[in-house]
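Enquirer: Based on the sequences and whatever the hints tell you, model everything.
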Amino acid sequence: MSGETILTLVGNLVDEVELRFVPNGAAVAKFRMASTPRKFNRDTNSWEDDKEKSLFLTVSVWRQQAEHCAETLTKGMRVVVQGQLSQRSYEDREGVKRTVYEVTAEEVAPSLRNATAKVTKAGGGQGKGAYQQARQAQGVVSAEDPWASSASGQSRAGGWNDDPPF
Numbered sequence: 002m003s004g005e006t007i008l009t010l011v012g013n014l015v016d017e018v019e020l021r022f023v024p025n026g027a028a029v030a031k032f033r034m035a036s037t038p039r040k041f042n043r044d045t046n047s048w049e050d051d052k053e054k055s056l057f058l059t060v061s062v063w064r065q066q067a068e069h070c071a072e073t074l075t076k077g078m079r080v081v082v083q084g085q086l087s088q089r090s091y092e093d094r095e096g097v098k099r100t101v102y103e104v105t106a107e108e109v110a111p112s113l114r115n116a117t118a119k120v121t122k123a124g125g126g127q128g129k130g131a132y133q134q135a136r137q138a139q140g141v142v143s144a145e146d147p148w149a150s151s152a153s154g155q156s157r158a159g160g161w162n163d164d165p166p167f
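According to my numbering, the sequence shown is numbered sequentially starting from 2.
None of the hints are false.
Label pairs and their calculated CB-CB ranges: (1) E95 x D44: 35 to 45 angstroms; (2) R79 x E103: 19 to 29 angstroms; (3) Q83 x E19: 12 to 22 angstroms; (4) T117 x V23: 31 to 41 angstroms; (5) D44 x T100: 36 to 46 angstroms; (6) T45 x G96: 40 to 50 angstroms; (7) D16 x E49: 21 to 31 angstroms; (8) L8 x N42: 26 to 36 angstroms; (9) K52 x L8: 14 to 24 angstroms; (10) E19 x D93: 12 to 22 angstroms.
List time: in silico DSSO-like cross-link candidates among lysine-lysine, alpha-carbon distance up to 30 angstroms: (11) K52 x K40; (12) K31 x K122; (13) K31 x K98; (14) K40 x K54; (15) K98 x K52; (16) K52 x K76; (17) K40 x K76.
Just so you know, the hints here were simulated from the structure itself, not pulled from any lab data.
For each residue, glycine too, the CB sits at the ideal point set by N, CA and C.
Expert: Below, the structure is given as C-alpha cells:
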C-alpha cells in the first residue's frame, strides 16, 4: 500500500470508547483523543498544557482489537496510536463545508509513561472477546463468521462490506 499517511500519536482519551458491530458482525470501536503540547512557564517555574494547540482526532479500530480497546481503555487514559490518517469533507446542517481528519488504527496501546499495565494474552484457546461471545450467544454473530475467532494467521476472507478502505 503506497501513498498512505501513517502516523503515531500520543494523547489522552476525551470520551469513553464506543463499540458497535457492523452488519457483517465485525466489531468497530471509535474514540476521540487529544494530543496537547506542553510548554514551560518561566514565571511559575512549571510545565503547562498549551490548550490553544490541542489536536483532537477520532480514531477507529476494527475487529478483535476493537473489542480489546473497549474492554481496556477508559476516558482520560493516555494512549499511543499508530495508524492511517485520512480526511473527509462534508456539509453541515447550515450548509457550511467542513473537513475532518480521522485515524484508522493499526496499533493501540496504553502509555506507560505515568501508569503501569498488566498484559493478558487474549483468546486463551477460544479466540473470542467477551463482546463477541455475548453477540454469538444472542444469535447476532454466527459461529461460521470469519471474524468470530482470532486464530493466528487467519486470512481476511469474507465480508469486507463495512471495513476500512485499505
